[in-house]
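Order-wise, the sequence lines are chains A and B.
Start counting at 1 in the first sequence, then tack on 314, and there's your number in the numbering used here.
Start counting at 1 in the second sequence, then tack on 314, and there's your number in the numbering used here.
Bear in mind the hints are in silico, worked out from the structure with no lab data behind them.
Do not rely on the hints blindly, as some may be mistaken.
In this list, chains with the same sequence are indistinguishable; a pair is considered to hold if it fits within one copy or across any two.
Said to hold, decoys possible - Calculated lysine to aspartate or glutamate pairs in the EDC-like style (CA-CA distance at most 16 Å, straight line):
no.: 1; residue 1: Lys626; residue 2: Glu537
no.: 2; residue 1: Lys626; residue 2: Asp662
no.: 3; residue 1: Lys492; residue 2: Asp421
no.: 4; residue 1: Lys667; residue 2: Glu625
no.: 5; residue 1: Lys666; residue 2: Glu503
no.: 6; residue 1: Lys626; residue 2: Glu668
no.: 7; residue 1: Lys554; residue 2: Glu392
no.: 8; residue 1: Lys318; residue 2: Asp403
no.: 9; residue 1: Lys318; residue 2: Asp421
no.: 10; residue 1: Lys655; residue 2: Glu614
Note that the coordinates shown come from a computational prediction; the quantities given were computed from them, not determined experimentally.
2 protein chains.
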Amino acid sequence: MNEKPFVVIMAGGIGSRFWPHSMDAKPKQFLDVLGTGRSLLQMTYERFASFTSPERLMVVTQAKYSHLVKTQLPEIKEENILSEPLKRDTANCIAYASYKIRNTDPDAKVIVTPADHLILNESLFKARIFDALKAAEIPNHIVTIGIKPNRPETGYGYIQFIDGSDRVVKKVKTFIEKPNRELATTFLESGDYVWNSGIFVWKNESIIRAFELHLPELAEVFEEGKAYFFTESEGEFLKKAYSLVKNISIDYGVMEKSESVYMVLGDFHWADIGSWQKLYELQTQDGQGNVVEANALLYETNNCYIKVSPEKLVVVQGLDNYLVTDTGNVLLICKLDAEHKFREFTADAKSKKEDFV
Amino acid sequence: MNEKPFVVIMAGGIGSRFWPHSMDAKPKQFLDVLGTGRSLLQMTYERFASFTSPERLMVVTQAKYSHLVKTQLPEIKEENILSEPLKRDTANCIAYASYKIRNTDPDAKVIVTPADHLILNESLFKARIFDALKAAEIPNHIVTIGIKPNRPETGYGYIQFIDGSDRVVKKVKTFIEKPNRELATTFLESGDYVWNSGIFVWKNESIIRAFELHLPELAEVFEEGKAYFFTESEGEFLKKAYSLVKNISIDYGVMEKSESVYMVLGDFHWADIGSWQKLYELQTQDGQGNVVEANALLYETNNCYIKVSPEKLVVVQGLDNYLVTDTGNVLLICKLDAEHKFREFTADAKSKKEDFV
């Protein structure tokens with residue numbers, strides 16, 4: 315038995331709330347949105363590479379993005395780039411990886427992570443992942459990382475935990491969808507709610523058992539993959555499998571139903587870079603609250619995020635709390651908190667011209 | 315004596331309130347701002363061409379724009395393109411034209427007009443110009459066209475007239491600079507205030523007499539031009555003349571001082587296309603009050619003017635009463651009524667890069 319865990323990076327999203335920078339042809343996880351010189355996927359890879367060896371590191375993505383993964387992470391073996399034939403939610407994605415891992419090492423422990431998070435204090439982060447790996451040794455235990463909230467954030471899901479005697483590992487009581495401001499404030503004050511990071515740690519057999527219990531149809535479909543994984547027929551099998559299973563998230567399909575979910579409290583600095591607003595908040599704002607990545611002249615303009623290629627001069631007067639960005643093809647001006655509008659923007663833009671999205 | 319008047323088109327402005335479309339290299343009078351296929355200068359030329367013959371039509375502009383006049387108005391004789399060596403206000407511009415006309419036809423009548431007005435009801439307009447030409451036959455009479463106001467406009471200068479017995483020609487009492495809203499409302503209600511169109515009609519000797527009376531230094535300098543106009547030395551003379559005279563407008567230098575100013579009431583539809591706001595008002599607005607010259611998707615957006623080349627998709631959400639325009643080099647987002655800010659915009663833009671202005 316290899317003691318090193320598998321790491322599964324989920325990188326299949328389309329990042330529509332980062333449009334027009336995140337495009338269907340190149341979603342946000344493949345972009346250097348923070349200007350670090352590395353894409354979010356590359357930052358995620360580097361964060362987890364020290365936990366394991368490259369042959370135990372998998373990236374699940376949509377088939378159309380597998381070439382991007384290959385280019386950005388040349389260290390990863392081609393068979394470890396799991397290409398989903400359709401865009402599906404996290405339960406499908408995790409099932410695919412889990413049943414494939416079972417073929418290689420049925421006793422493996424697995425860390426599952428989204429590809430679009432920012433994590434600071436990496437040594438604290440590592441310590442908490444090791445705590446989670448330890449907690450996951452108990453059969454059937456599903457372990458997640460909860461992040462101690464520092465504000466009544468309405469953009470994240472929450473986890474309510476039971477504050478037992480174990481200082482490190484807490485039993486999860488319930489998962490809660492993104493709350494409104496009032497509820498988020500109550501959560502923050504109560505102290506037994508944390509942000510749902512979407513990072514999971516388990517023994518591979520524990521999550522497979524959970525699939526069998528809570529999503530038996532899904533389990534049945536992927537169980538049959540055994541004969542196809544790592545063969546030339548894997549792609550064909552997947553097309554069939556993905557057409558059969560329903561689209562469901564791991565939170566909704568497993569976490570909310572399982573009685574064996576535990577949480578390790580993450581005390582590192584964490585952010586889901588899920589929207590322009592989040593990205594804005596992560597950057598250093600100037601004295602007027604503006605984040606300017608542009609050659610810009612601002613007048614009576616506050617709390618704005620201006621991101622335009624420096625060849626263009628941008629002159630903005632009289633805006634408060636707006637995003638202004640231009641990709642060359644698309645100029646977008648909207649309220650910084652307009653993330654709920656992005657599906658509409660991109661759908662309408664697509665109907666104008668496929669290339670715009 | 316030739317009965318046809320001279321027409322002098324003043325086209326030397328830089329149109330900074332139309333930036334970034336109006337650029338130092340190509341100011342607004344040379345642009346097709348209304349999308350008619352003709353520049354404002356060409357529209358002005360066509361409006362006045364029927365009053366006279368091409369050899370009696372002059373355009374005064376800055377030397378750096380004379381090639382644009384030549385290209386846009388090939389009908390005009392080269393010696394009738396009056397190239398000013400420096401940007402100077404209207405008194406200088408008119409003095410140059412007047413003293414040059416004196417060399418050709420001292421008895422001429424003259425119509426002076428800006429190059430950036432929109433006039434509808436052209437037959438009414440013609441009738442009023444003929445009224446003015448008739449009124450200008452009286453020696454020393456300076457005649458201007460006043461426009462009946464239809465709203466308490468704060469963007470125009472006003473003329474107060476004395477409502478005498480003559481139905482067509484009124485004596486002017488005073489010229490008033492752009493008023494505030496309250497004053498403009500009083501003007502509108504009183505009925506004896508009209509908009510100052512900047513269109514003048516006079517016998518050439520009448521305005522020269524007025525220069526001698528009210529701007530004697532200016533008169534003295536241009537008087538000397540007699541020996542140089544229509545010769546190779548005209549340019550050299552002008553450089554000297556323009557360096558000697560002070561920069562002053564015809565309104566301030568002559569109109570406000572003269573006792574012989576008369577007004578013909580213009581009952582045609584007139585607009586000074588002096589700003590983005592004015593241009594916006596002239597266009598047909600959609601149901602949300604937007605004027606869209608762009609490939610645009612608008613959400614919760616009202617009373618905006620969106621002008622961007624159609625290759626780019628423009629998505630705007632949550633703006634009210636803004637201008638959004640992009641020339642490729644410059645993206646400008648500002649309040650539609652921010653015309654008082656444009657000098658600052660262009661000065662700051664110029665300090666970034668000369669090309670931006």
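Evaluated hints:
In this assembly of identical chains, Lys626 and Glu537 lie within 16 Å of each other by CA distance neither inside one copy nor across copies; the values are 54 Å within and 49 Å between. For a Cα distance limit of 16 Å, the shortest separation of Lys626 from Asp662 across copies, 14 Å, qualifies, whereas the shortest one inside one copy, 26 Å, does not. With identical chains, the CA atoms of Lys492 and Asp421 are never at most 16 Å apart, being 35 Å at best within one copy and 84 Å at best between copies. Proximity of Lys667 to Glu625 under the C-alpha cut-off of 16 Å is restricted to the inter-copy arrangement: shortest distance 11 Å between copies versus 25 Å within a copy.
For the homomeric pair Lys666 and Glu503, neither the shortest alpha-carbon distance inside one copy (46 Å) nor that between copies (49 Å) is at most 16 Å. In this homomeric assembly, Lys626 and Glu668 come within 16 Å of each other (Cα to Cα) only across copies, at 13 Å, whereas the closest approach inside a single copy is 25 Å. In this homomeric assembly, Lys554 and Glu392 never come within 16 Å of each other (Cα to Cα): the closest approach is 21 Å inside a single copy and 79 Å across copies. Taking the shortest Cα distances, Lys318 and Asp403 never come within 16 Å of each other, neither inside one copy (27 Å) nor across copies (81 Å).
For a Cα distance limit of 16 Å, the shortest separation of Lys318 from Asp421 inside one copy, 11 Å, qualifies, whereas the shortest one across copies, 103 Å, does not. For the homomeric pair Lys655 and Glu614, the shortest alpha-carbon distance between copies (11 Å) is at most 16 Å, but the shortest distance inside one copy (26 Å) is not.
The structure does not agree with the numbered hints 1, 3, 5, 7, 8 stated previously, though it agrees with the rest.
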